[in-house]
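Novice: Turn these sequences into a full structure, and let the hints steer you where they fit.
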Amino acid sequence: KAGVTQTPRYLIKTRGQQVTLSCSPISGHRSVSWYQQTPGQGLQFLFEYFSETQRNKGNFPGRFSGRQFSNSRSEMNVSTLELGDSALYLCASSLFQLTRTEFNYGYTFGSGTRLTVV
Amino acid sequence: QKEVEQDPGPLSVPEGAIVSLNCTYSNSAFQYFMWYRQYSRKGPELLMYTYSSGNKEDGRFTAQVDKSSKYISLFIRDSQPSDSATYLCALRGGGSNYKLTFGKGTLLTVNP
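If you're matching them up, the sequences are chains A and B in order.
Position 62, counted from 1, in the first sequence is what the working numbering calls 62; the numbers after and before it change by one each time, with no gaps.
Position 7, counted from 1, in the second sequence is what the working numbering calls 1007; the numbers after and before it change by one each time, with no gaps.
Read the hints as simulated data drawn from the structure, not as lab findings.
Predicted, not measured: the structure shown is a model, and the values here were computed from it.
No residue lacks a Cβ here, since even glycine has one placed at the ideal position from N, Cα and C.
It cannot be assumed that every hint is accurate.
Stated by the list, open to error - Computed cross-link-like contacts, BS3-like style, restricted to lysine-lysine with a CA-CA straight-line distance of at most 25 Å:
no.: 1; chain 1: A; residue 1: K57; chain 2: B; residue 2: K1002
no.: 2; chain 1: B; residue 1: K1099; chain 2: B; residue 2: K1067
no.: 3; chain 1: B; residue 1: K1056; chain 2: B; residue 2: K1104
no.: 4; chain 1: B; residue 1: K1067; chain 2: B; residue 2: K1104
no.: 5; chain 1: B; residue 1: K1067; chain 2: B; residue 2: K1002
no.: 6; chain 1: B; residue 1: K1042; chain 2: B; residue 2: K1070
no.: 7; chain 1: B; residue 1: K1002; chain 2: B; residue 2: K1099
no.: 8; chain 1: A; residue 1: K57; chain 2: B; residue 2: K1099
no.: 9; chain 1: A; residue 1: K13; chain 2: B; residue 2: K1002
no.: 10; chain 1: B; residue 1: K1104; chain 2: B; residue 2: K1002
no.: 11; chain 1: A; residue 1: K57; chain 2: B; residue 2: K1056
no.: 12; chain 1: B; residue 1: K1067; chain 2: B; residue 2: K1042
Unchecked claim - DEER-style ranges, computed between Cβ atoms:
no.: 13; chain 1: A; residue 1: E75; chain 2: B; residue 2: S1068; range: 38 to 44 Å
no.: 14; chain 1: A; residue 1: Q17; chain 2: B; residue 2: N1055; range: 46 to 52 Å
no.: 15; chain 1: B; residue 1: G1009; chain 2: A; residue 2: G28; range: 33 to 39 Å
Specialist: Below, the structure is given as structure tokens:
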């Protein structure tokens, strides 16, 4: 079974530019979340989508945005890039079964997109 | 005070040792507790999850949650060089909040 696919794997952008990252979740998974990972701050939640609707949003500026398509694929966009946006951006998909006794909760992460802003 | 605290290590142990990894948290709303393993240049991989307090065992791994102390642990028995990775605790509240709050991770090296 194919895992979570993130493209591209590596990106180098210049300050002020914008970037779009893509995530294809595991087939059948309808929830997609995005996280930013840096050495200083660790993994921080950006936002989560389910059935094309943003359900939760983290504490990031409005330059960070996302969307989800009807096939559950998701994109995130960062506009007006800053040096501090350099990070590993991780996407995770999940099949939420909400029964507590058989709780298939865990997110499956992709390998991430390494963004470097110069 | 950060919501989740985790000692970043690094932690270096000989092969076969028992490893203990821990996180503390401050928000009593957390209900779901997970441990992820992350190898270099890879995304995190779910190892264990627990709902509420208690213990859970899976092979060489045991996860413990003590909600009264706001303390979670992961034990690795008979550690192997292949266990060398960064271990991250992740916590989630209940209801419609699907955000995971991560510890910063502990870098573990198991020496042959």
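Novice: Hint by hint, say whether it matches the structure.
Specialist: These are the hints, each one checked on the structure:
{"no.": "1", "hint": "K57/A x K1002/B", "in the structure": "18 Å, holds"}
{"no.": "2", "hint": "K1099/B x K1067/B", "in the structure": "19 Å, holds"}
{"no.": "3", "hint": "K1056/B x K1104/B", "in the structure": "22 Å, holds"}
{"no.": "4", "hint": "K1067/B x K1104/B", "in the structure": "20 Å, holds"}
{"no.": "5", "hint": "K1067/B x K1002/B", "in the structure": "17 Å, holds"}
{"no.": "6", "hint": "K1042/B x K1070/B", "in the structure": "29 Å, violated"}
{"no.": "7", "hint": "K1002/B x K1099/B", "in the structure": "16 Å, holds"}
{"no.": "8", "hint": "K57/A x K1099/B", "in the structure": "8 Å, holds"}
{"no.": "9", "hint": "K13/A x K1002/B", "in the structure": "31 Å, violated"}
{"no.": "10", "hint": "K1104/B x K1002/B", "in the structure": "11 Å, holds"}
{"no.": "11", "hint": "K57/A x K1056/B", "in the structure": "31 Å, violated"}
{"no.": "12", "hint": "K1067/B x K1042/B", "in the structure": "31 Å, violated"}
{"no.": "13", "hint": "E75/A x S1068/B: 38 to 44 Å", "in the structure": "42 Å, holds"}
{"no.": "14", "hint": "Q17/A x N1055/B: 46 to 52 Å", "in the structure": "49 Å, holds"}
{"no.": "15", "hint": "G1009/B x G28/A: 33 to 39 Å", "in the structure": "37 Å, holds"}
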